[in-house]
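**Q** Same order as they appear, the protein sequences are chains L and H.
Straight run, no breaks: the first sequence in the numbering used here ends on number 441.
Straight run, no breaks: the second sequence in the numbering used here ends on number 441.
Warning: the hint list may mix true and false statements.
What the hints assert, rightly or not - Selected chain L positions facing chain H (Cβ under 7 Å, derived; list incomplete):
no.	residue
1	P73
2	D173
3	V179
4	H192
5	T204
6	R233
7	M344
8	L349
9	G415
Stated by the list, open to error - These stretches of chain L come out as covered by chain H in the derived footprint (C-beta under 8 Å, 3 or more residues):
no.	stretch
10	153-163
11	181-190
12	351-357
To be clear, the hints were calculated from the coordinates, so they are not data collected in a lab.
Note that the Cβ used here is the ideal one computed from N, Cα and C, for glycine as well.
Number of protein chains: 2
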Amino acid sequence: MDSGPVSETSHPRRLGITVPGFAGYEPLSVETVPARLAAYPEVARRLGGAPSDWSVREVGDGNLNFVYIVEGPAGSVCAKQALPYVRLVGESWPLPLDRAIYEHAALVRQAADAGPGVVPEVIRFDAGQALIVMENLAGHVILRGALIERQRHDSAAPILGRFCAETLFRSSDLALDPVTKKAEMAGFAGNHALCRISEDLIFTDPYHDHEMNPDNPALHEAIAAMRADDAWRLAIQEWKFAFMSRAEALLHGDLHSGSVMVTPPGAGERVRIIDPEFAFYGPMGFDLGAVLANLWLNAAAQPGWGAGWEDQQDWVLRQGEAFWAAFADRFRMLWQEERTGEAMVERVLGGASEAACDAFLARVQIDTLGFAGAKMARRVVGLAGVADLRTIPEPAARAGCEARALALAGRLVKGARSIATVAAATELARDALNPKDGETA
Amino acid sequence: MDSGPVSETSHPRRLGITVPGFAGYEPLSVETVPARLAAYPEVARRLGGAPSDWSVREVGDGNLNFVYIVEGPAGSVCAKQALPYVRLVGESWPLPLDRAIYEHAALVRQAADAGPGVVPEVIRFDAGQALIVMENLAGHVILRGALIERQRHDSAAPILGRFCAETLFRSSDLALDPVTKKAEMAGFAGNHALCRISEDLIFTDPYHDHEMNPDNPALHEAIAAMRADDAWRLAIQEWKFAFMSRAEALLHGDLHSGSVMVTPPGAGERVRIIDPEFAFYGPMGFDLGAVLANLWLNAAAQPGWGAGWEDQQDWVLRQGEAFWAAFADRFRMLWQEERTGEAMVERVLGGASEAACDAFLARVQIDTLGFAGAKMARRVVGLAGVADLRTIPEPAARAGCEARALALAGRLVKGARSIATVAAATELARDALNPKDGETA
Chain L
1 MDSGPVSETS HPRRLGITVP GFAGYEPLSV ETVPARLAAY PEVARRLGGA
51 PSDWSVREVG DGNLNFVYIV EGPAGSVCAK QALPYVRLVG ESWPLPLDRA
101 IYEHAALVRQ AADAGPGVVP EVIRFDAGQA LIVMENLAGH VILRGALIER
151 QRHDSAAPIL GRFCAETLFR SSDLALDPVT KKAEMAGFAG NHALCRISED
201 LIFTDPYHDH EMNPDNPALH EAIAAMRADD AWRLAIQEWK FAFMSRAEAL
251 LHGDLHSGSV MVTPPGAGER VRIIDPEFAF YGPMGFDLGA VLANLWLNAA
301 AQPGWGAGWE DQQDWVLRQG EAFWAAFADR FRMLWQEERT GEAMVERVLG
351 GASEAACDAF LARVQIDTLG FAGAKMARRV VGLAGVADLR TIPEPAARAG
401 CEARALALAG RLVKGARSIA TVAAATELAR DALNPKDGET A
Chain H
1 MDSGPVSETS HPRRLGITVP GFAGYEPLSV ETVPARLAAY PEVARRLGGA
51 PSDWSVREVG DGNLNFVYIV EGPAGSVCAK QALPYVRLVG ESWPLPLDRA
101 IYEHAALVRQ AADAGPGVVP EVIRFDAGQA LIVMENLAGH VILRGALIER
151 QRHDSAAPIL GRFCAETLFR SSDLALDPVT KKAEMAGFAG NHALCRISED
201 LIFTDPYHDH EMNPDNPALH EAIAAMRADD AWRLAIQEWK FAFMSRAEAL
251 LHGDLHSGSV MVTPPGAGER VRIIDPEFAF YGPMGFDLGA VLANLWLNAA
301 AQPGWGAGWE DQQDWVLRQG EAFWAAFADR FRMLWQEERT GEAMVERVLG
351 GASEAACDAF LARVQIDTLG FAGAKMARRV VGLAGVADLR TIPEPAARAG
401 CEARALALAG RLVKGARSIA TVAAATELAR DALNPKDGET A
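Same shape as in the complex, but just chain L (with noise of 0.2 Å):
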């Protein structure tokens, strides 16, 4: 498809996307990764010594590929490589390697869009492996497990915020010219089978006894009045056809706290954001959405693990504020200064330029409620819970966290629209997530 002039003097990282054959794709495993990795110099030499030198651990912890962390005598790397299923079913459910060319082409436009050290940097991309060598993420944790541990880093929320804010506006048709933009959407559109994994599991599977779900006995009853409820099911479908219509701008797509890094909190912490493979052209809500539901999983989850539950969750809450007021403080302050694209012009808006950002802020904060419910619900009901939930030790405490969780979740889907700011969720949040009297802590 003959895209037209791309203007390759303002969006020197917008190139296009080309997916290649898979002809000599060869899954790595421990054994074989030094070999590999020794044929890429640039890698070799980030390591150091020989390859023989060269120490090997796999440390995927998520549920679709595999990824190994290198240590040679010089540095480390971090090898991601796709399979050809996913790794949490198996090869039952095959699922195409070209994920990691969307991926690595997300990286590039988000360490573009959003400066340098705030994803991994790429050190080697080998498209036909689907094989990504990044910087080791040494002293670095997975942001959720160190909010079960209660750990408390500041620095997330504002990050995250931020970069939500220059990664969004930045490939929407506020910043780029209409050619790049159509341009790049219909790249990302190749995308197709991480969209689809989306499409069943966030807005259809929980919604009907798919085989798929896990059993959880002790939330049968909230899940059948949920799977009752009309206007429930009817909204969940109507974020969903938002979700697969809406291209508004190139979305990490996958943005919980499982995909956030972290080191230790306090002075001079730092923050990464990984794991783009989902992206595509969609609605900003729901990157947005996915952080704050995440914050909320992890809040509905505080009383069941017992004392000081109160205080952690205040603080998880106050975070979610925190993402939203640095998401739109930098999203304005780029619609003052970036607006370069054909969508909101100044020659039109002029004095409505303010009133005109308000105006978009309120449409995406709404996307954002319904999407964060729509996610929350997911993790209590389908496939890929989140740890936060499950690991409260105790079955009737972990049941009533869940129970919570829900309730939020069909306020949010149902009545996203309702609800007037980030801060007023929050305090839903707050109410809805606090066991009342004569309910299991």
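Assemble chain H onto chain L, guided by the hints.
**A** Same frame as chain L, now just chain H:
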């Protein structure tokens, strides 16, 4: 881009879009048409006799292309060739030849989705020449001209409504599997040059002092008021963002009354929809709004043509209601019978399916009214006005009609969400488009 296994069984007419080089492209003239068409056996057969027997006349009255009617001893054809520039403006406004590729791709899909006899039959497509040879719609005239002559084609509105329902529904995520829909959307994203014309001429240029806007002294005050209206400027840019980002369905993209051909009114009257070169994936309401806008522009012009206008205006306004009713009826039927895509799935909606259809149509109706307003305003203020208004003989009467059309446009652009039904919008139009005491009829 590997777009995965597209189902050829279920969607035989959706096999991708290939844009060729145009190295051998040669613009046709009345003199060179016979030799060119003689090289296409299926065309030569249709015409009969020898090329020297064929008569050729150029009939293009659109803004972009040349169109030749060729008549031979056995039959006639219509040959439409894209030019590398905009016909209305000249070589100073280049426009890519590939628009013929998208027009052909849209014609093929519309024929598959809306059945035979609604769009012109394609006899031969020469991609490298940007040339579509179609059946000649002998005996047909352009609907806009017929409406200006106050003819009454009662079947046009219902056929247009049904056409919109079938093409919009069947190209959307409601009907197509997600892989096919995403590939289709990506393919048509290449038609960015024609999208840009709409982005500029509908949503941008009328709202600032653009050199290509025609000067219309009698309307200076009304246009100044429009451009001073913050709410209007904000709303038009929100509609523009929706136009650019909401990839709901394959649109015709330019569905005004100049893109509709009709035979003389009465028993057996026929209706064809032509010229889908602006086709791309956008919001359903854009096509629907185009139809309403052009009916309402005609209704606006009626008082300017003198006696008998009340009765004809009433008939035209009723066509808008009939159009929407036919669309909604057919859409509801398709919703029940052909919801084979992954949006609004029955296995989730179940008993909420009818309510979901109501909600979906209510949202589409809001978009329809907003885009109708956008399209009315651009025809009054911007480049490429409509003959309905331009042919009003008396300048003061014309200005009155234009000012009333513009006022209605503003109500729609700003207030689409607060209008309950298309019947209510029609009453609004009836009130807005009638000269009041003291106004020039």
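**Q** Would you mind marking each hint as holding or not holding in the structure?
**A** Consistency of the hints with the structure:
1. P73: 40 Å, violated
2. D173: 5 Å, holds
3. V179: 5 Å, holds
4. H192: OK, holds: H192 of chain L within 7 Å of chain H, min 5 Å.
5. T204: Result: holds, 6 Å to nearest chain H Cβ.
6. R233: 5 Å, holds
7. M344: 5 Å, holds
8. L349: With Cβ-Cβ at 6 Å, under 7 Å, it holds.
9. G415: G415 of chain L check fails; min Cβ-Cβ to chain H is 15 Å, beyond 7 Å.
10. 153-163: violated (count 0)
11. 181-190: Our answer is that it holds, as 8 residues pass the Cβ test (under 8 Å) against chain H, meeting three.
12. 351-357: Per the Cβ count (4), the hint holds.
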